[in-house]
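Protein sequences, first through last, are from chains A and B. Following the working numbering, the numbering of the first sequence begins with 4 at its first residue and continues without gaps. Following the working numbering, the numbering of the second sequence begins with 2 at its first residue and continues without gaps.
Accuracy of the hints is not assured; some may be wrong.
Claimed, not checked - Listed below are the simulated EDC-like cross-link pairs for lysine to aspartate or glutamate, each with C-alpha atoms no more than 20 Å apart in a straight line:
no.: 1; chain 1: A; residue 1: K45; chain 2: B; residue 2: E201
no.: 2; chain 1: A; residue 1: K191; chain 2: A; residue 2: D98
no.: 3; chain 1: B; residue 1: K212; chain 2: B; residue 2: D198
no.: 4; chain 1: A; residue 1: K91; chain 2: A; residue 2: E79
no.: 5; chain 1: A; residue 1: K178; chain 2: A; residue 2: D190
no.: 6; chain 1: A; residue 1: K45; chain 2: B; residue 2: D123
no.: 7; chain 1: A; residue 1: K45; chain 2: B; residue 2: D206
no.: 8; chain 1: A; residue 1: K14; chain 2: B; residue 2: E201
no.: 9; chain 1: A; residue 1: K132; chain 2: A; residue 2: E227
no.: 10; chain 1: A; residue 1: K219; chain 2: A; residue 2: E134
no.: 11; chain 1: A; residue 1: K14; chain 2: B; residue 2: D123
no.: 12; chain 1: B; residue 1: K212; chain 2: B; residue 2: E201
no.: 13; chain 1: A; residue 1: K91; chain 2: A; residue 2: D80
no.: 14; chain 1: B; residue 1: K162; chain 2: A; residue 2: D80
no.: 15; chain 1: B; residue 1: K18; chain 2: A; residue 2: D190
no.: 16; chain 1: B; residue 1: K118; chain 2: B; residue 2: E252
no.: 17; chain 1: A; residue 1: K43; chain 2: B; residue 2: D206
no.: 18; chain 1: B; residue 1: K118; chain 2: B; residue 2: D48
no.: 19; chain 1: A; residue 1: K77; chain 2: A; residue 2: D96
Stated by the list, open to error - Across the chosen pairs, the derived CB separations fall in these ranges:
no.: 20; chain 1: A; residue 1: W34; chain 2: B; residue 2: A202; range: 17 to 25 Å
no.: 21; chain 1: A; residue 1: P192; chain 2: B; residue 2: H62; range: 23 to 31 Å
no.: 22; chain 1: A; residue 1: P222; chain 2: B; residue 2: I160; range: 21 to 29 Å
no.: 23; chain 1: A; residue 1: F15; chain 2: B; residue 2: T158; range: 31 to 39 Å
Treat the hints as calculated values from the structure; they're not laboratory data. Built from N, CA and C at the ideal position, the CB exists for glycine as well.
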Amino acid sequence: MNNFLSTAGPKFAQVFIAVFGFLAILAVVFWIAGRANGRKVKPVANIVFLGPAALLLILGLIVPAFQTIFFSFKGEDSSKWVGFSNYKWIFTDPDMRRVLVNTLLWIGVVPIFTTLLGLLLAVFMDRMKRESLPKSLLFMPMAISFVGASIIWRFVYNYSNRYQPQVGLLSAVVKTVGGHPQNWLLDKPLNTFLLMIIFVWVQTGFAMVILSAAIKAVPADIVEASALDGAHGFRLFRFITFPAVRSTFIVVLATQVVGALKIFDVVRTMTGGNFGTNVLANEMYSQIFVQFNQGKGAALAIVLFLLVIPVLLFNMRNLRLERSER
Amino acid sequence: MSKVAEHTPGRKLFSSKIAALVVWTITIIWTIPTFGLFVSSFRSKADIYATGWWHVFLHPHFTLANYHDVLFGSQTQAAVANGVLPYLVNSIVITIPAVIIPIVVATMAAYSLAWVKFKGSDFVFFFIFALQIVPLQMSLIPLLQLFTGGAHIGSITIIPKLGIAGHFAGIWLPHAMFAMPLAIYLLHNFIASLPRDLMEAAYMDGANHFKVFRQIVIPLSIPAIAAFAIFQFLWVWNDLLVALTFASGTEEIAPINAKLASLVGQFGSGWQLLTAGAFISIAIPLIVFFSLQRFFVRGLLSGSVK
Chain A
4 MNNFLSTAGP KFAQVFIAVF GFLAILAVVF WIAGRANGRK VKPVANIVFL
54 GPAALLLILG LIVPAFQTIF FSFKGEDSSK WVGFSNYKWI FTDPDMRRVL
104 VNTLLWIGVV PIFTTLLGLL LAVFMDRMKR ESLPKSLLFM PMAISFVGAS
154 IIWRFVYNYS NRYQPQVGLL SAVVKTVGGH PQNWLLDKPL NTFLLMIIFV
204 WVQTGFAMVI LSAAIKAVPA DIVEASALDG AHGFRLFRFI TFPAVRSTFI
254 VVLATQVVGA LKIFDVVRTM TGGNFGTNVL ANEMYSQIFV QFNQGKGAAL
304 AIVLFLLVIP VLLFNMRNLR LERSER
Chain B
2 MSKVAEHTPG RKLFSSKIAA LVVWTITIIW TIPTFGLFVS SFRSKADIYA
52 TGWWHVFLHP HFTLANYHDV LFGSQTQAAV ANGVLPYLVN SIVITIPAVI
102 IPIVVATMAA YSLAWVKFKG SDFVFFFIFA LQIVPLQMSL IPLLQLFTGG
152 AHIGSITIIP KLGIAGHFAG IWLPHAMFAM PLAIYLLHNF IASLPRDLME
202 AAYMDGANHF KVFRQIVIPL SIPAIAAFAI FQFLWVWNDL LVALTFASGT
252 EEIAPINAKL ASLVGQFGSG WQLLTAGAFI SIAIPLIVFF SLQRFFVRGL
302 LSGSVK
């Protein structure tokens, strides 16, 4: 305990120094810059206000993005040019084929499940009297990290050998209904789908909350009028509710596609990418920090970037359209 | 909607009951995994391995030993010999500056782009907005090199080696950098919509930009700042990739998430500690979640692009 206090103290001191040091420097800069007058006022204000953000963006995103493009055409320690061979490796290597197929599976399966399940829940909740408790409980996984979620689900998927009691929920349920439990996480391709369940479990609440907000925003008089005209149940949903929330539905779907594309934590924590569950973002991490191959890691980052661009551009356009409509 | 349901009795009778049944069924399925881990974290090692957690309903028997062992250390488990408390401290130490600093920097930038216009400021804003498409994976290798080796062109050193790799600053800085595009975009939307009359009255009274920023912009932007702060807090607290990249090999500064991720790999037989450890790491975001749910939802809604 004493040992703990002696390390924790200085660490908190660092927080204090970082935060208050930063604010103190700002206060001094503001004071000096505030004394500028005449034609210097605006440029000085711009430099002081925008400078720090510009510095962070240039050093943290803009320059590194270009550097990564260069690295992707270089070898493992960036010392010599190798042309497109890193990209060739991504698209021709037999192990990489598994990685690409898995990533495509993730973006093909997961977003549809989260978004449709979220929509179903949002629509049904709208007809309930007391929706706040189930809403909170369904949304709760959003606050849990993927690492925490992975531990929760590893326990569900736990497998003990035949001679021991099954303490994992999945194994116990399978055994109760007369099946044979197995070491779930080693069983491909089933294991990839078991990992996807974790993602769906975390993200469905997000889809539900956002779609629910969109459904609540559908003008009540429109719904009322069409209900009087005899539309209810599925017809009401099909012709009134869904068209009204379609743009939100697409935004949520696109968000899920990007999330599924970049999935890293779940795979890292559950299987480390072994047993045929590897995906792009995890392979990128392995290339950089396990194989120490910067070139391949950079090329994987670029592929990820190229895959994300169309979805995000589409999503941003949609968000902007939606905002301007309001 | 519920009003409509009352107008059409047939539909109300039929669908609201089925709807409630479906929603509650899914809710219960959704909650069971977390509940199972929560219950298990209070069971002894022997119990965890002997029977499934659902047996507590028949034979309730609880202990706090797992929490004690995982927090303060355990002689029998080498992997947590010193406990996870230091890693919990690291998480807090990483998160506080990694939330406050980018928010201040982004608010300043947003104010400048919205109210201190210059030629091209709209273009700069659009450019920052567009930067959201760069996945942080693109930045990892170059940033790591910058932190360990500095920046050079040929033999000329532009930026000396920062020497912050393996220090907390080496995690604060990447988090601040990666937060910028979204933070500036969201805060700009809010700050740009502040009442023009109010701002102009302040300028007329002779307040300079810095005074307006401190005394008008910051206080009025608190709702937007809070929403983003919660989003950023969860992002940093729950992050694994940035932590693994910039604290890799340095146990000294690793957050609890990184420690847990490595424990999952090491433990063949440590469920009792993993369950308690996981709950300690989840507890803080859950408290934030339940106490600030409304802000939380707003933050997520607006942050859905990241």
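message: Please list, smallest to largest, the hint numbers that this structure does not respect.
response: 8, 11, 15, 16, 18, 21, 22
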